[in-house]
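**Student:** For the record, the sequence lines run as chains A and B. Numbering follows the numbering used here, in which position 12 of the first sequence is assigned residue number 12; successive positions increment by one, without gaps. Numbering follows the numbering used here, in which position 2 of the second sequence is assigned residue number 2; successive positions increment by one, without gaps.
Quick caveat, the hints were computed from the structure, so don't treat them as lab data. Keep in mind that the hints are not guaranteed to be accurate.
Remember, identical chains collapse to one label, so a pair may be satisfied in a single copy or spanning two.
As the list claims (entries may be wrong) - Derived lysine-lysine pairs resembling DSSO-like cross-links, with alpha carbons at most 30 Å apart:
hint, residue 1, residue 2
1, 52, 158
2, 186, 102
3, 158, 102
4, 186, 158
5, 158, 88
6, 52, 27
7, 3, 186
8, 8, 52
9, 3, 24
10, 24, 158
11, 3, 52
12, 8, 158
Chain residues, written in single-letter form:
2 protein chains.
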Amino acid sequence: MKKSLGAKTLAFPTPVWLVGTYDKDGKANIMTAAWAAICCSSPPSVAVSLRKATYSYGNIVARQAFTINVPNENQVREADYAGIASGKNEDKFARTGFTPVKSELVDAPYVAECPLILECRVSHTLEIGLHTQFVGEILDVKADPQVLGEGGLPDIDKVKPIIFGPEIRAYHGIGRYLGQAFAVGKDI
Amino acid sequence: MKKSLGAKTLAFPTPVWLVGTYDKDGKANIMTAAWAAICCSSPPSVAVSLRKATYSYGNIVARQAFTINVPNENQVREADYAGIASGKNEDKFARTGFTPVKSELVDAPYVAECPLILECRVSHTLEIGLHTQFVGEILDVKADPQVLGEGGLPDIDKVKPIIFGPEIRAYHGIGRYLGQAFAVGKDI
């Protein structure tokens, strides 16, 4: 018999991604988002939900572009900081020591130090409630050469993404390999 | 200098969640989804994207409800199978040995054997491209008593959710604890 925990934003895993944007003056900003996911295969798209109160919200509305930056587990302090501070009154790139790189494809910066980044142009905006969801078409994915593995794809054990546990407010790393998708369940 | 990998649905981590639905005859079905995320804090909401070709798509359109079931890493074979087979021609509950439980809150079944489940009523439907995104308001979260930890919340090390790596097609477990959210980055 399952125990009812109430109507909560509680599910595992959620990502820890940094959303890169420019403000009206061209200042680069990042904010941490966990309410985010790949949301369409064709066109390849990613969704990220932000509160209107965030500085990044206004940036995305104005520029219609953002980047998704996947931090490495060694960047967990910087990622946490970017979810606490606001770009309204802090220069989060300066404080974290991260380097903003202007995307050549969209009107947004990406984080040079993050191993994996996505450059996105807003295709849909959905008002849900406290959060507004921006769907971005992924125009390119870029990775650091040193995290690439088999077939030229990123090796998840080298990228070392961070997992967020909502409600329990905990960060975890990636664990052991469990098997190949579209393969381990074939014989059931 | 980052290497361009092209416009791909490539980001880590993505979840491995089972979407529970009823078909027109009341047959319970599950399908695996990785294009899914929490998408709003108030009302608490979760988004899941499905292709129109899936059996679950029609079920959700008709019933306007679904459950999200978080499988344990020991259920990786069942989770993989539910992403390969179609409810059009297979009874996936019977094949996996999973038990469908009728939700008392929404018109959808959940998986008795999954440690953590969300009961959702569709609030928005967004056409993105190949995938249609269903946003569901989370009416309740339920967990097995044996996975509960501190403060009555689920212990992620007991839930043991699965992480999917798109493009690399790999499943991984949860790894080591990296720190407390809204805390480890305070001193930056």
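**Student:** When the hints from earlier in the document are held up against this structure, which numbers fail?
**Tutor:** 1, 5, 7, 10 and 11
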